[in-house]
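Please model the entire structure based on the sequences and the hints provided.
Going line by line, the protein sequences match chains A and B.
Under the numbering used here, think of the first position of the first sequence as 634, with each following residue one higher.
Under the numbering used here, think of the first position of the second sequence as 634, with each following residue one higher.
If you're looking for bench data, these hints aren't it; they were derived computationally from the structure.
It should be emphasised that the depicted structure is a prediction, and the values quoted were computed from it without experimental measurement.
A portion of the hints provided could be inaccurate.
Which copy is meant is left open, so a pair is good if it fits within one copy or across any two.
Stated by the list, open to error - With a cut-off of at most 27 Å between alpha-carbon atoms, the simulated BS3-like pairs for lysine-lysine come out as follows:
| id | residue 1 | residue 2 |
| --- | --- | --- |
| 1 | Lys795 | Lys747 |
| 2 | Lys878 | Lys654 |
| 3 | Lys747 | Lys857 |
| 4 | Lys747 | Lys978 |
| 5 | Lys941 | Lys747 |
| 6 | Lys654 | Lys941 |
| 7 | Lys978 | Lys941 |
| 8 | Lys654 | Lys747 |
| 9 | Lys654 | Lys857 |
| 10 | Lys878 | Lys857 |
Number of protein chains: 2
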Amino acid sequence: MSRCYNFGAGPAMLPESVLRKAQDALWDIGTGAGILETSHRSAYFDAMMDALHAQFRRIAAIPEDYDLMFLQGGATLQFCQIPATFARPGDTIDCIHTGFWTRNAMRDAAFYAKIHYAYDGAVSNFQHIPRDDEIHYSASPAYVYYCANNSFLGTEFRRPPKTDFPLVADMSSNILSRPIDVRAHSLIFASAQKNLGIAGCCVIIIRRGFLDTCPDAPSMFNYKRLVQNRSMLNTPPTFALYIMKLMLDWIDEHGGLEAVERHNRTKAAIIREAIDDTRGFFTHVGEPESRSMMNISFHAPTPELDAKFVSQAETLNMTGLRGHRETGGLRASVFNAFPVEGCEKLAECIRRFARENA
Amino acid sequence: MSRCYNFGAGPAMLPESVLRKAQDALWDIGTGAGILETSHRSAYFDAMMDALHAQFRRIAAIPEDYDLMFLQGGATLQFCQIPATFARPGDTIDCIHTGFWTRNAMRDAAFYAKIHYAYDGAVSNFQHIPRDDEIHYSASPAYVYYCANNSFLGTEFRRPPKTDFPLVADMSSNILSRPIDVRAHSLIFASAQKNLGIAGCCVIIIRRGFLDTCPDAPSMFNYKRLVQNRSMLNTPPTFALYIMKLMLDWIDEHGGLEAVERHNRTKAAIIREAIDDTRGFFTHVGEPESRSMMNISFHAPTPELDAKFVSQAETLNMTGLRGHRETGGLRASVFNAFPVEGCEKLAECIRRFARENA
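Structural data, given as structure tokens:
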């Protein structure tokens, strides 16, 4: 059986070159041990972590006054770790609410602070990413929270919202898919299993002035100690970090983030154009200016035709096209490592399906 | 270069059969996708998680009224998650203090409750595991905390301490190395990278009556929701779970925990006897009745000879023999997957080194 094109929302496809390198590394990394068996206190791993930090900083253009962490627990642990650290009882957190993931994040944040919805996307059924003049901040929020790309319905911020308050972004589903405006943020976090490798690791980029406000806390909740210990206060998820290093090598081989963005734009356009070509048989989800480059959400005229499309695509080795479990419809997630050939194959399938079922 | 015998304290050696299976699974698990790229919401992964739960319960003989979780964050996240959940402000936690890991755990727990040292191993320089009559509990602790095996100096409880208070055990370095008395405990936790596979996953076994006392909490701190969601509230560390499943298969192939214990006993005895045979050149760390089956700590007459021994062993493809960074000396960690041949090779090296350097 040949490998499928996996359009799922993550864990996502990895480049075949990364998989081949990882297969070799499982047996022996040249030290007489496999990567899974290698101590995080070894010279090999220490050098790899140094290289990972330096390469990530260079690729993402992280300014000198920002720190970088690689933690466990996924983005979801950050849903409580961030408010536990940066909100005091009685504080308000301003949320730009754009769907499933901001809702989940605020459910956890509400244990620590009051939540003010500076924008509530429910009014547009989450089809719309707000302009700055549609966002109404409270008087003095501890920070402003938003989700840069909403994988659940396929909407994405073109640029960060403008605010003078500390800005916190969940970039789990679009990190390193294009250049990042790090300076606009006080904290960026992103789980790895979409654009940065595999499940089990979460990247944090934090402005040092914001980090300095962290109170003393237990070790795994103590960003300061985690930074001081280069994310190795305890045993880190060593294999997820190794795969992330290979993904950064892959980004470098592809010419860095500008090239990756061009590539991602092309991929999304191939699918979006096929949807347009069906002249209303398939419908985009999300307003034109709000649509995601990572997650292309769309639907057929009926749920039955959505299901038929998913089945037909599966017979052609294309998987993971079912929409988010809360929304239904169809969704094609095309993260960094997803190949252009898969997009062309899906585009062809979209056009043929529309012709045959119109 | 041939693969080394890795005596490090973790991440530990894996069986070669597990590594070979994992290499294949990286490319394709028979679904057209590799295991790293497989969604935790897929039928494949769902079935694997069911099988993992059932197999773990059977092998560890977990009673019906206990639940099982597989979380991220390592054992260290539990150092704060457990007191945050089970201690109220003003409560006391009783700790049986046996070294580095109980010290670190209580440093975090002290953010949530008062700590009472029901036994303080510092008086014996942590060479001694207390008998029940040496442990003096406070009037009504929220729970009693101990570390079942102390990897840092190589001491181990033969059986759990006797107490009527809820008993919480860190079994990170000896879980599934022999049968567990689950009933003696209210909560057992263990990181995976020693006996259960790779870094990035932590197993929790919890008595349901104890679980019922959990207050409402943010999602990743909410054991009840984590149990209800079969540890898949968010994206779990899918590959670490896959490797754990392979490790359970390996335990089954070896005849279950009784057979694994016999095997581990033999391995430790081979090294301990070689140390005895040097007639005082090498010295055991830990009192005879307190010594660990997993981590064999010992030392030569001088730190210089320790270092010389480590170097000599490395030329013979035996790595990771340096003692814990806080204690120095020598340490041979022989977790489940460490092969008996490696123990024989080390024993031979110990005897020869003593002859040549006496």
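Verification of the hints:
{"no.": "1", "hint": "Lys795 - Lys747", "verdict": "within (22 Å within a copy, 45 Å between copies)"}
{"no.": "2", "hint": "Lys878 - Lys654", "verdict": "both (11 Å within a copy, 23 Å between copies)"}
{"no.": "3", "hint": "Lys747 - Lys857", "verdict": "both (25 Å within a copy, 24 Å between copies)"}
{"no.": "4", "hint": "Lys747 - Lys978", "verdict": "neither (47 Å within a copy, 62 Å between copies)"}
{"no.": "5", "hint": "Lys941 - Lys747", "verdict": "neither (45 Å within a copy, 60 Å between copies)"}
{"no.": "6", "hint": "Lys654 - Lys941", "verdict": "neither (37 Å within a copy, 35 Å between copies)"}
{"no.": "7", "hint": "Lys978 - Lys941", "verdict": "within (17 Å within a copy, 62 Å between copies)"}
{"no.": "8", "hint": "Lys654 - Lys747", "verdict": "neither (47 Å within a copy, 49 Å between copies)"}
{"no.": "9", "hint": "Lys654 - Lys857", "verdict": "neither (34 Å within a copy, 39 Å between copies)"}
{"no.": "10", "hint": "Lys878 - Lys857", "verdict": "within (23 Å within a copy, 35 Å between copies)"}
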